[in-house]
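Number 167 in the numbering used here belongs to position 165 of the sequence shown; there are no gaps in the numbering.
For the record, the hints were derived by calculation from the structure and aren't laboratory data. A virtual CB, placed ideally from N, CA and C, is assigned to each residue, including glycine. Please note that a few of the clues may not be correct.
In silico DSSO-like pairs for lysine-lysine, Cα to Cα no more than 27 Å straight-line [claimed, not checked]:
#, residue 1, residue 2
1, K270, K191
2, K451, K362
3, K403, K273
4, K168, K270
5, K379, K265
6, K265, K241
7, K320, K377
8, K379, K368
9, K255, K265
10, K365, K377
11, K265, K377
12, K18, K451
13, K273, K241
14, K189, K320
15, K320, K379
16, K232, K255
17, K167, K191
18, K220, K167
19, K365, K232
20, K220, K189
21, K451, K368
22, K189, K167
23, K220, K265
24, K191, K241
25, K320, K365
26, K362, K403
27, K168, K273
28, K191, K18
29, K168, K241
30, K167, K273
31, K193, K223
32, K232, K191
33, K365, K379
34, K167, K223
35, K220, K168
Between beta-carbon pairs, the in silico distance windows are [claimed, not checked]:
#, residue 1, residue 2, range
36, E393, T277, 32 to 40 Å
37, L457, Q240, 26 to 34 Å
38, Q338, V123, 21 to 29 Å
39, V396, A88, 30 to 38 Å
40, N275, E124, 42 to 50 Å
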Amino acid sequence: MPRFRHTDRILQLMGKKESIRNLGILAHIDHGKTTLTDSLIAGTGLLSQQVAGSARVLDYLEEEQRRGITLKTANISLLYRTVNDAFIINLVDTPGHVDFTGKVTRALRTIDGALVLVDAVEEIMAQTELVVRQALEERVRPLLFINKVDRLITELQLNAEQIEKKFSHIIARFNDLIEIYGEPLFKDKWKVDSSSDSVAFGSALHKWAFTLTTTRQKNVKFSDILQAYKTARYDRLQKLLPLHSTVLDMTVKHVPNPREAQKNRVEKIWKGNITSEVGHAMANCDDHGPVLICVTNVQVAPNEGLIAAGRVFSGTVKTGDTVYLVNAQTESTVHQVSVFMGAFREPVNQVSAGNLVALKGLKQAKAGETVVEVKYKDLVVPFEQVRYVSEPVVTVAVEPKNPADLPELILSMDQLAREDPNLASSVNRETGERLLSGMGELHLEIAVKQLRDSLGNKEIS
3 MPRFRHTDRI LQLMGKKESI RNLGILAHID HGKTTLTDSL IAGTGLLSQQ VAGSARVLDY
63 LEEEQRRGIT LKTANISLLY RTVNDAFIIN LVDTPGHVDF TGKVTRALRT IDGALVLVDA
123 VEEIMAQTEL VVRQALEERV RPLLFINKVD RLITELQLNA EQIEKKFSHI IARFNDLIEI
183 YGEPLFKDKW KVDSSSDSVA FGSALHKWAF TLTTTRQKNV KFSDILQAYK TARYDRLQKL
243 LPLHSTVLDM TVKHVPNPRE AQKNRVEKIW KGNITSEVGH AMANCDDHGP VLICVTNVQV
303 APNEGLIAAG RVFSGTVKTG DTVYLVNAQT ESTVHQVSVF MGAFREPVNQ VSAGNLVALK
363 GLKQAKAGET VVEVKYKDLV VPFEQVRYVS EPVVTVAVEP KNPADLPELI LSMDQLARED
423 PNLASSVNRE TGERLLSGMG ELHLEIAVKQ LRDSLGNKEI S
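The task is simple: from the sequences and hints, build the whole structure.
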């Protein structure tokens, strides 16, 4: 029995490539990603609207709830129904803090479109520029959501003309980034424009959003939005301009489906022969082609072992399949196929090309691994490794209070570095100390806490 009521319908749509959209949510820290994600989840029926924004569904780790920030990537499959059709939205929420940029980089391999949130008051920030650059390097199409428009009204008390100038400035700066970092083949057609509905405006906190099309369809003027805040009745905007339908309509319209996306992306992320059987199957997102999967994340699940998550680029992976790990140079059996639904995994019989997947049984898998059908193991080159914008720069020494706990500490450090490739575990040859290196102080602080949790009551310093 599926845990989620939409699972059966989602599984039916997995083979219908034109009905799939793989979307990532990217932003500078505190620009509203997780609040918006909650609203999208609620709008598709998996969460109460009353708790959307405070539930932080995809921030399910205790430390994320405590700190109020996203520390990892997480994904969920949403079923979105329009008047005439139904779509799977494979939604990936990503961290906004610069220390976790590597997790964003890996997540980009799995998606085809990126909704970039920009705080209307703070505008384009350093991390905004970085995530747009990363997306373009992976040939992921960026869309723009100008968030926290309520702040322009209630805090800055701008009038309609001043707000319009703000919008125009943010859009121009966003397109400057696409001009700078975009490839010639894509940058002109990927620049955002309010007239094409590739830009949306709204408030994730108050659960409303609009594009030019929605305002015309519903005969809403910006003066109506200003009046709603003047009379403290912005709750009406939630019903008139629901955030989830505005954002998901924009996603369906502008994010390419997996078949369209892979025709452009495969040559960028895989350097094998594009005219070969495998290359042709990937470019066409062929369910019946050789199984080829790019692993982007691994984690150890309690009582289950290692779970390898990634994207199926070709073929259909099934429980019981024997596959080959190209980098590890070893065969493995897939013990379970599942799809992530936030903190949970929904076991399924199979997952086909163009979809995100979680696999149990690939004990030697690491992030960046290429998984291929066994009979093609000598014919496949691995996926291009993701290019991180920086390397670990901060190092701490980690030692157990009790020397007898050292072997367990070493094992935990190595496992942590395996789950997070932006962590490095090493030994100081002069002192013999165990060293842990990360992207910044917060990254290491979280890592050390994870070590302490994994060691139970054993003290480390």
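Cross-check of the supplied hints:
1. A hinted pair counts as satisfied when its Cα atoms are at most 27 Å apart, and K270 with K191 qualifies at roughly 18 Å.
2. Of the pairs offered as hints, the one joining K451 and K362 holds, with about 26 Å between alpha carbons and a cut-off of 27 Å not exceeded.
3. Between K403 and K273 the CA atoms are separated by roughly 48 Å; this puts the pair beyond 27 Å, and the hint is violated.
4. A distance of roughly 35 Å separates the Cα atoms of K168 and K270; the hinted pair therefore is violated under the 27 Å criterion.
5. Annotation: proposed proximity of K379 to K265 holds, straight-line Cα distance about 23 Å (limit 27 Å).
6. Of the pairs offered as hints, the one joining K265 and K241 is violated, with about 39 Å between alpha carbons and a cut-off of 27 Å exceeded.
7. Only pairs whose Cα atoms come within 27 Å are accepted, and K320 paired with K377 is accepted, the gap being roughly 15 Å.
8. Taken as a hint, the K379 and K368 pair is honoured in the structure, with Cα atoms around 17 Å apart against an allowance of 27 Å.
9. Between K255 and K265 the CA atoms are separated by roughly 18 Å; this keeps the pair inside 27 Å, and the hint holds.
10. As the CA atoms of K365 and K377 are separated by approximately 20 Å, the hinted pair is consistent with the 27 Å bound.
11. A C-alpha spacing of about 24 Å is found between K265 and K377, which places the hinted pair at or below 27 Å, so the restraint holds.
12. With a CA separation close to 43 Å, the supplied pair K18 and K451 exceeds the 27 Å bound.
13. Taken as a hint, the K273 and K241 pair is broken in the structure, with Cα atoms around 48 Å apart against an allowance of 27 Å.
14. Restraint check: the Cα-Cα separation between K189 and K320 comes to about 38 Å, which exceeds 27 Å; the hinted pair is violated.
15. Taken as a hint, the K320 and K379 pair is honoured in the structure, with Cα atoms around 17 Å apart against an allowance of 27 Å.
16. About 33 Å separates the Cα atoms of K232 and K255, which puts this hinted pair outside 27 Å; it is violated.
17. About 23 Å separates the Cα atoms of K167 and K191, which keeps this hinted pair within 27 Å; it holds.
18. In summary, the hint linking K220 to K167 is supported, as the alpha carbons are separated by about 23 Å, within the 27 Å threshold.
19. For the suggested pair K365 and K232, the alpha carbons sit about 58 Å apart, so the restraint of at most 27 Å is broken.
20. With a C-alpha separation of about 32 Å, the suggested pair K220 and K189 falls outside the 27 Å cut-off, and the hint is violated.
21. Only pairs whose Cα atoms come within 27 Å are accepted, and K451 paired with K368 is accepted, the gap being roughly 22 Å.
22. For the hint linking K189 to K167, the alpha-carbon distance of about 24 Å falls within 27 Å, and the restraint holds.
23. Restraint check: the Cα-Cα separation between K220 and K265 comes to about 37 Å, which exceeds 27 Å; the hinted pair is violated.
24. Taken as a hint, the K191 and K241 pair is broken in the structure, with Cα atoms around 33 Å apart against an allowance of 27 Å.
25. Between K320 and K365, the direct Cα distance comes to roughly 17 Å. Compliance with the 27 Å bound is thereby established for this hinted pair.
26. For the proposed pair K362 and K403, the alpha carbon gap of about 35 Å is over 27 Å, so the pair is violated.
27. At roughly 42 Å between alpha-carbon atoms, K168 and K273 are farther apart than 27 Å, so this suggested pair is violated.
28. Note on K191 and K18: the hinted pairing holds, with a Cα-Cα distance of about 26 Å set against a maximum of 27 Å.
29. Restraint check for K168 and K241: satisfied, since their Cα atoms lie roughly 25 Å apart, inside the 27 Å limit.
30. Taking the CA atoms of K167 and K273, the gap is near 44 Å; set against the 27 Å cutoff, the hint is violated.
31. Of the pairs offered as hints, the one joining K193 and K223 holds, with about 25 Å between alpha carbons and a cut-off of 27 Å not exceeded.
32. Of the supplied pair hints, the one linking K232 and K191 is violated, its CA atoms being roughly 38 Å apart against a limit of 27 Å.
33. For the hint linking K365 to K379, the alpha-carbon distance of about 18 Å falls within 27 Å, and the restraint holds.
34. Pair hint K167 plus K223 holds up; C-alpha atoms about 16 Å apart against a cutoff of 27 Å.
35. Proximity of K220 to K168 is assessed by CA-CA distance (about 24 Å); at most 27 Å being required, the pair is judged to hold.
36. One distance hint, 32 to 40 Å for the beta-carbon pair E393 and T277, holds here, with the actual separation near 36 Å.
37. At roughly 46 Å, the beta-carbon separation of L457 and Q240 lies outside the given 26 to 34 Å, and the hint is violated.
38. At about 46 Å, the beta-carbon gap between Q338 and V123 misses the expected band of 21 to 29 Å.
39. The hinted range of 30 to 38 Å is not satisfied by V396 and A88, whose Cβ atoms lie roughly 47 Å apart.
40. Here the CB-CB span from N275 to E124 is close to 46 Å, well matched to the stated 42 to 50 Å.
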